[in-house]
Structures are given as C-alpha cells and as structure tokens.
Amino acid sequence: MLLETRKLSKNFGGLQVLSHLDISLPEGQLTSIIGPNGAGKTTLFNVITGRFPPSSGQVFFTGKDISGLKAHVISQMGLVRSFQITNVFTFLTVRENVRLACQSRLAQKVSLVKPAASFGLEEKTGDILARIGLLPRQDKLAGELSHGDQRHLEIAMTLATNPKLLLLDEPTSGMSPAETGETIDLIQEISKTVTLLLIEHDMNLVMNISQKIIVLDYGNKIAEGTPEEVERDPEVRRVYLGEA
Amino acid sequence: MASGRVDQGSMMGWLAFLKKYSGWIVLVCLILFPLSAGTLVSGFYISLFIRIFIFGLVLLGFDILMGYGGLASFGHAMFFGTGAYVTAILMKYVSPSIWVGMGGSIVACALGGLVIGYLCIRSRGLYFAFLTFAFSQFFFLFFNSWSFVGAADGMAGIPKPTVGFGIDLGNRIVFYYFSLGMLVVGYGVARHVVNSAFGRVLVGIRQNEERIAFLGFNVQRCMLVAFLLSSIYGGVAGCLFAGYQSFVSPAVYHWGLSGEIMIMDLLGGMGTLIGPLIGTAFVIYLGDFLSSWMHETWLMVLGALYVIAILFSPDGIMGLMKRITHRGT
Amino acid sequence: MSFDLFLTNLLYGLTIGSALILIASSLSIIFGVMGVVNFAHGSLSMLGAYLGYSLILWKVNFWLALVISPLIVGGIALAIEGFTLRPLYSKDPLLQFFLTYGLAMIIGNLVLYFWGADPHGIDKPLSLQGPVSIAGIFYPKFRLFVFIFSAVLSIVLWLFIARTTWGIILRAGIHNRELVGAFGINMSTVYTFVFALGSALAAIAGVILGAMRNINPAMDLDLVVGGLIAVVIGGLGSFRGAVLGALIIGLSESFGAQLWPGFSKFSVYIVMVAILLWRPEGLIKEV
Numbered sequence: 014m015l016l017e018t019r020k021l022s023k024n025f026g027g028l029q030v031l032s033h034l035d036i037s038l039p040e041g042q043l044t045s046i047i048g049p050n051g052a053g054k055t056t057l058f059n060v061i062t063g064r065f066p067p068s069s070g071q072v073f074f075t076g077k078d079i080s081g082l083k084a085h086v087i088s089q090m091g092l093v094r095s096f097q098i099t100n101v102f103t104f105l106t107v108r109e110n111v112r113l114a115c116q117s118r119l120a121q122k123v124s125l126v127k128p129a130a131s132f133g134l135e136e137k138t139g140d141i142l143a144r145i146g147l148l149p150r151q152d153k154l155a156g157e158l159s160h161g162d163q164r165h166l167e168i169a170m171t172l173a174t175n176p177k178l179l180l181l182d183e184p185t186s187g188m189s190p191a192e193t194g195e196t197i198d199l200i201q202e203i204s205k206t207v208t209l210l211l212i213e214h215d216m217n218l219v220m221n222i223s224q225k226i227i228v229l230d231y232g233n234k235i236a237e238g239t240p241e242e243v244e245r246d247p248e249v250r251r252v253y254l255g256e257a
Numbered sequence: 235m236a237s238g239r240v241d242q243g244s245m246m247g248w249l250a251f252l253k254k255y256s257g258w259i260v261l262v263c264l265i266l267f268p269l270s271a272g273t274l275v276s277g278f279y280i281s282l283f284i285r286i287f288i289f290g291l292v293l294l295g296f297d298i299l300m301g302y303g304g305l306a307s308f309g310h311a312m313f314f315g316t317g318a319y320v321t322a323i324l325m326k327y328v329s330p331s332i333w334v335g336m337g338g339s340i341v342a343c344a345l346g347g348l349v350i351g352y353l354c355i356r357s358r359g360l361y362f363a364f365l366t367f368a369f370s371q372f373f374f375l376f377f378n379s380w381s382f383v384g385a386a387d388g389m390a391g392i393p394k395p396t397v398g399f400g401i402d403l404g405n406r407i408v409f410y411y412f413s414l415g416m417l418v419v420g421y422g423v424a425r426h427v428v429n430s431a432f433g434r435v436l437v438g439i440r441q442n443e444e445r446i447a448f449l450g451f452n453v454q455r456c457m458l459v460a461f462l463l464s465s466i467y468g469g470v471a472g473c474l475f476a477g478y479q480s481f482v483s484p485a486v487y488h489w490g491l492s493g494e495i496m497i498m499d500l501l502g503g504m505g506t507l508i509g510p511l512i513g514t515a516f517v518i519y520l521g522d523f524l525s526s527w528m529h530e531t532w533l534m535v536l537g538a539l540y541v542i543a544i545l546f547s548p549d550g551i552m553g554l555m556k557r558i559t560h561r562g563t
Numbered sequence: 008m009s010f011d012l013f014l015t016n017l018l019y020g021l022t023i024g025s026a027l028i029l030i031a032s033s034l035s036i037i038f039g040v041m042g043v044v045n046f047a048h049g050s051l052s053m054l055g056a057y058l059g060y061s062l063i064l065w066k067v068n069f070w071l072a073l074v075i076s077p078l079i080v081g082g083i084a085l086a087i088e089g090f091t092l093r094p095l096y097s098k099d100p101l102l103q104f105f106l107t108y109g110l111a112m113i114i115g116n117l118v119l120y121f122w123g124a125d126p127h128g129i130d131k132p133l134s135l136q137g138p139v140s141i142a143g144i145f146y147p148k149f150r151l152f153v154f155i156f157s158a159v160l161s162i163v164l165w166l167f168i169a170r171t172t173w174g175i176i177l178r179a180g181i182h183n184r185e186l187v188g189a190f191g192i193n194m195s196t197v198y199t200f201v202f203a204l205g206s207a208l209a210a211i212a213g214v215i216l217g218a219m220r221n222i223n224p225a226m227d228l229d230l231v232v233g234g235l236i237a238v239v240i241g242g243l244g245s246f247r248g249a250v251l252g253a254l255i256i257g258l259s260e261s262f263g264a265q266l267w268p269g270f271s272k273f274s275v276y277i278v279m280v281a282i283l284l285w286r287p288e289g290l291i292k293e294v
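Residue numbers (the working numbering), protein chains in the order written: chain C, 14 to 257; chain G, 235 to 563; chain D, 8 to 294.
With the rest of the complex left out, here is chain C (with noise of 0.2 Å):
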C-alpha cells in the first residue's frame, strides 16, 4: 500500500469532520474521493500532507507513519498535494513558478553557495511547461493568467517535485467544458506514472476516469469500490440522491 490511513479522525473544537478513517492506496491507481460539501474531503487531505495533525489514528505513506509530521517533510517524501483556491506565487512568472517547484526537489535546494543560475533546472522546467501546455505563457506573471490557467500551474507546479503520489483537490473547479476536456486528458496523461488521489465534484469525470472511488458523508466513509458498485451503492444513493 502506498497510502494507508487507520482510524484517522481530526476534530475542531467541538466539531468531528473525520471519524475513524481507514483508507488504503495502492501504488498505481487512480482513486476519486467523492461527497456532498462538508464531508470531510479538503480536511482530509489537509491532515495527510501534514497542514493539520489529526487528533487520533495514524497515516502510512511507503509503510512509514507520517502521522502529524510537518508539510515540508510529507512533502519531500513525495507526497505532494494542489489547492482547491489557486495558490500559485502570483507575482512571479509562470516560468518562475515551475522552476522553484524543481528547485525544491535538489539537494542543495536552499544552498547559499552557488549561484541558482548554475543548477541546471531550465530544462526540465521548459518539460513541464510543454508537458502542461503553459510553454507560450511561461513569462506571464501567474497571477494574470486565466482561471483554468492557473489551475494547470497548480498541477504543473505539483509535477515538478516529482510526486509518488499526488493530490489533486477540485483541480476542474471553475473550469469550462473545453478546459475541463483538456486537464481530464492531462490527469489521465499523469496517472499513467504517478499515483493519484483526486477530490471532485464533477461526477462525469470521476464515473470515466477512477479506478476507484471513495465516498465521504460526515467524516464518516460510506463506500468504496469501483465507480459501477458505487453507482449502484443504496447508502450512496441515499446521500446523493434522497432515496429512502
């Protein structure tokens, strides 16, 4: 298992937006976490990549427990994650953006020695740019390109620290059917080497392109299985669609 969380709860104050989770992920799947607003979903990823310790239970990423440990650290394991609220740096360029994202994945990456010019990041930096497509607009600030832009910045930023497995929180939120169209093509592109474990709302693409779907209601996991048992799933039914 790559992933594996036991028992994970995280409570605020009085209130309990994750109860006993146990979720395990292999390597190499594609896996969606779906639920109605409130379920838990961005709380949980918070919790995994350390924004937040949880308040019981514990998290297994490559059998080590990560558990509480900081963002930075779960980060470098290669666990890395996007944001539902675009969370680019906005004043530099997109160029610039990729590249600090590359940066982080040297060794010397906080040297104060050499110069930053001398580490040889510009070419895998212009990869990504092809990869995502942001090759044209890599001297736009980030912060002046469109919405569906900058989610793909997200995304491309992501890439660069060389996940083994990636979280993607809403990464079509706001999007255009077309953009839309392009960052299904472009995740399926990425699952092919890279783990991943989305959180969306848009049930089309979730039903098309997950191996596995998890769903959240309340903290609480109330099914798992691939999308044709999930469709089918009375509980799941029952909090999507009323049914008694």
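Hints are supplied without guarantee of correctness; some may be wrong.
[Stated by the list, open to error] Just so you have them, the derived chain D footprint on chain G, three or more residues with Cβ under 8 Å:
| id | stretch |
| --- | --- |
| 1 | 357 to 369 |
| 2 | 493 to 506 |
| 3 | 539 to 545 |
[Claimed, not checked] Here are some chain D residues pointing at chain G (derived, C-beta under 10 Å):
| id | residue |
| --- | --- |
| 4 | I79 |
| 5 | L106 |
| 6 | I113 |
| 7 | V275 |
[As the list claims (entries may be wrong)] Some residues of chain G that are not near chain D, with every Cβ distance over 12 Å (derived):
| id | residue |
| --- | --- |
| 8 | I323 |
| 9 | S329 |
| 10 | I340 |
| 11 | L345 |
| 12 | I558 |
Simulated from the structure, these hints should not be mistaken for lab results.
Where is the CB? At the ideal position from N, CA and C, for every residue including glycine.
Dock chains G and D against the given chain C, drawing on the hints supplied.
This is chains G and D only, laid out in the frame that chain C set:
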C-alpha cells in the same frame, strides 16, 4: 535593460551604457573622491560617506530580511547596537584591533540572532514587528542603565582602531577606504545570497509562505538564516561605527534608529539591494543637511517623505526610476 | 509592604490603568474596525496633552480645554484619515503600520518643534488640587478625578458600543467588515468616525495624564507602547481585553516602580514578549 549593441555615438547609447555600468561608475567615483577634492570640503564629506557606508551595511542585511523575505523587523537597532558596544568594550579592554572587535561583534550578533530569531520567527507581520521591537527595547533599557558602559552617558575613551599591516586605521581617509571596502564585500555577498537557490526560496516565502512549505522547503529554517544574516550585517556595521566614533551611547539601540532603518529601506526600494543603499545615502545626506538648522525636528521632514512615499511610491526610488524609464521606452 | 503603601500603589495603578483604558480601547476599536494598528495613537494623545497645556496657559478654563483639545485632535484625525489612511485600506496592513509610524514621526516632531524639549506641567483646576482622604490614606484629589473620570468615560464608551445602533454597527464591523458594508452602511464613514472618535479619546487621556504627571516630547512612545501592550494582552479588537490589559499595565507600572525602581520599564516589555510568544491572540477568549 541595455540592448545587445551599444551605439556609442547616439544619446540613447550613452544612457544605456551609463545605466548598465552605473554601479561601477559610482564605485570608481567613490574610490577617487578622497584623492581629488580639497581637504576642507572633503573632510565633511568623508565623514558623511563613512556613515553612509556603515549604515549601508545595516541596510543590506535588513533588505535581505525584509525586502526579500518579507519580515519587518522593527528592532534592528539591537544588532547594530550590539556590534557597537561589543566592539567598544573589546577595543577598550582587550585589544584595539578592529578584527577583534569585528570577530566579537559577529559572534555576539550571530548568537543573539539565533536565539532572538528562533523566538521571533514563529510570528509574522505585525506580531513579528512588535516582538523585535520589544527585544530591542530590552537592549536599550539594559545598556541605558549598565554602569560599566557608562549607562545613559555612554562609553568614551575607545582607542583608535588598528588593522595591522602598518596601516593607520585612525586616519579618516584610511577608514573611508576600509569601510568602503567592507561595503563592497558586503554587497557582493548579499548579491550572491539573493541570486542563490536560497534567495529564490526567500522571495517565494514572502509571496506565498504556505505554498513554499508544501513544495517541501523548510520555511522556519530559511527565515532563521535570513534573520541571522541580517543580524550579522548589523553587527559588522556597529563594529565599524564604534571604531570610527571612539564613543558609543545607548542611542545606538534607540527604536528611532530601527525606524530610520525601515524608512531607508522603503525610500530606496525594498528588495533590490541597491535601493536601500540609495535610501541610506539619501536619508543620511538629507539629515545632515537639514539638521544643521532644524536640529532633531528634521525628522518631521523625513516622516513626511516617508508618508508620501508610502502613498505614492511604496517601491521607493528604485520603483520610481523604473517607472520613469519604462515610460520613456 | 504596609497596607497604606499597598493601597496607594493600588489606587495609582488603577488610576493609570483607567486612563490607559481610554487609549487602549480606542486603539483596539480602531484596529478591530479598520484593521489598522495606529502607531500614531500615542502621538495624537500627546498632541492633545500639549494643546491642553497651551490652552490652559492662555487662561482657558481647564474643563473647557478638556473639551476643545479633543475636538481639535479629532479634526486633525479626520484629515489624517481622509488623506493618508483611506488610500491604503485595500493594501498590505504592514504598509498601513508604516504609514502610522511616519505620521507618529511627523506629529511627534511637530510637538518638539513648537513646544520644545523641556517637560511641562499642566495647571490643575483649584477644585481638584490637594489631597483627599480615602480609607485612612491621603490620595491626591486630581488622581482620584482621573480615575473616576476615566472610569465613567470608559463606561459611557462601553454602553455606546454595547447598546446603541452605532455601537452595534461597530461591533459587527469588527467581526465582518464586508458583511456590514453589504448591508448598505457606508463603511468609509464608519472608519472616519471611528478614527476621529478614537483619536479624540486619546487626546482626552493625554490631557488628564499630562496634568497628573507631566507632558514631555517622549511621552508618545510610552503611551503608544502601553496602549499596544494592553491591546495585545487583551487581544486585538476586544474592548474587554483592552480594559484588562490597561489595568494590568497600570498596576504593574505602579507596583513595579515601587518594588523595582529601575526595573519597571523593563517589566512592560517582558510582559509584551511573554504574551506575544505564548498567547498572541490575547488572554480574552473572544467568541
């Protein structure tokens, strides 16, 4: 920036040439200055420039922390003051060698920077400013009442510094070149730091600290390093100050000095390294010029300039120049 | 410490504290509503003190001076807010802080320029001179006046915030500026009002504190730092917190000066560092 070919014949060509090599031109001028001007006039200006060089060093370190890293330290006088007092004490009681003073200042400020930095780095923005302010007030109040260093009257009788090699550092012109040399070295180091991988991360932290952390960078450690660098710059500058003045008083720890440092950085242009040097020169020259007839109340003018800059050109003189030259092209 | 000494220090601490409440609470409200940490607050207070001094020097009645001075300072604050603060509202709060620092420099040095560096005393009205007997000790009448006056004014302010429509708008504004604006209330007017009122209160505090002790061109730092620490102790934006913080500062200054004479100034900053490191949100758990 200057285009590839410089047409030396045309006006634009000359301007571009000047812009590209302006730093070197200024440096050459500064080197030649004491040798050329008459002794009566130059005596005053030599003093002025020495002070500009000394405070320029403080600003270089400060700009790394605030201009690039985004942390507004409202207590930077504490490192300048520590450098000054440590040097004064060492020179008076141990050895007049400036290197001893400098070594002591660097050690003291590095230690202080580590401890105080570690405590303060967990806070940001206003809270960081308040914390650094409070710590610097500790230093001020302490040295203002410590009888060993003369309390509020300050410490006099510091011997003229020696630098070895048979050079008389007590000579003002020699000290001019010494401090200019230190500034040049300091600038070179600062420029190198800012262009390094670390420098890039620092800029990223200022813009989006969370993202930097999630990319895998240890934010706390980076900020601590920036704080440490700025504290050491302050200490070295303080050392030079004590060596030059032969007298130190608690004024070196005064919060007004911390405020002036912030003002010099903003007026010059934060986050450019050159800007703060320009800002330092501007403020010190203006201060000298105005205080001869306004005394302390020239600070009113400085405050007004500060307010105007914040309202109309928060990126300082450098930003203003950039906008003017862009409008020309 | 004898009981008499204790009582004297207690009264003095409460007196300073209650005058500080005016400064701290107005600072806190300005921050809460406008998001601005007004470093010039102490300077405006000092300006009020000096204006009061000059007015009384020109034979204006003390009570009249106590009204005119805050009015003038309030007017100046109006101008300051309109010309300098307003353009910065959407910008970096650090920039706003820098601005108020610059303003403090201007105002502080204006005072120095016009009134000189020597400390002065403000003539107290005859009716308030001399001591009064409380619980067996003699306490200066004027200090008692400062305590009662500040306390009453603070209570009035509290009632204003808690009971009137304006006050409710203010409190709502502290919690959610955009929402209040969305209700059609002109936030710009609210800001101007808050800043002017806050500055006027600071001026009143300056006059009575100045009359109680003395006025000097360095008092602006003491006032603003005292105010800031009080606000930080209580939590930025909390009125109750400002009260608590102000009383703590007042008492620690009074008892500190008695027990560790040179040390009392230190203690203020120790408290500041301790709070900022240990509990920067302040001691009051404001819901």
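These are the hints, each one checked on the structure:
Check on the stretch 357 to 369 of chain G: 9 of its residues sit with their Cβ under 8 Å from a Cβ of chain D, so the three-residue criterion for coverage holds. Counting residues of the stretch 493 to 506 of chain G whose beta carbon lies closer than 8 Å to any beta carbon of chain D gives 4, which meets the minimum of three for the stated coverage. Counting residues of the stretch 539 to 545 of chain G whose C-beta lies closer than 8 Å to any C-beta of chain D gives 4; at least three are required, and the coverage claim holds. Taking 10 Å as the C-beta cut-off, the interface hint given for D:I79 is violated, the closest approach to chain G being about 19 Å.
The beta carbon of D:L106 is positioned within 10 Å of a beta carbon in chain G (closest approach about 5 Å), and the interface hint is therefore held. For D:I113, the interface hint holds, the least distance from its beta-carbon to any beta-carbon of chain G being 4 Å, beneath 10 Å. The interface hint given for D:V275 holds, since its Cβ lies 9 Å from the closest Cβ of chain G, which is under the 10 Å cut-off. For G:I323, the condition that its CB be more than 12 Å from all CB atoms of chain D holds, with the nearest at approximately 21 Å.
No beta-carbon of chain D comes within 12 Å of the beta-carbon of G:S329; the shortest separation is about 32 Å. For G:I340, the shortest C-beta to C-beta distance to chain D comes to about 25 Å, beyond the 12 Å cut-off, and the non-interface label holds. The claim that G:L345 is not at the interface with chain D holds, since no C-beta of that chain comes within 12 Å of its own (minimum 18 Å). For G:I558, the non-interface assignment is confirmed: its Cβ lies about 21 Å from the closest Cβ of chain D, beyond the 12 Å cut-off.
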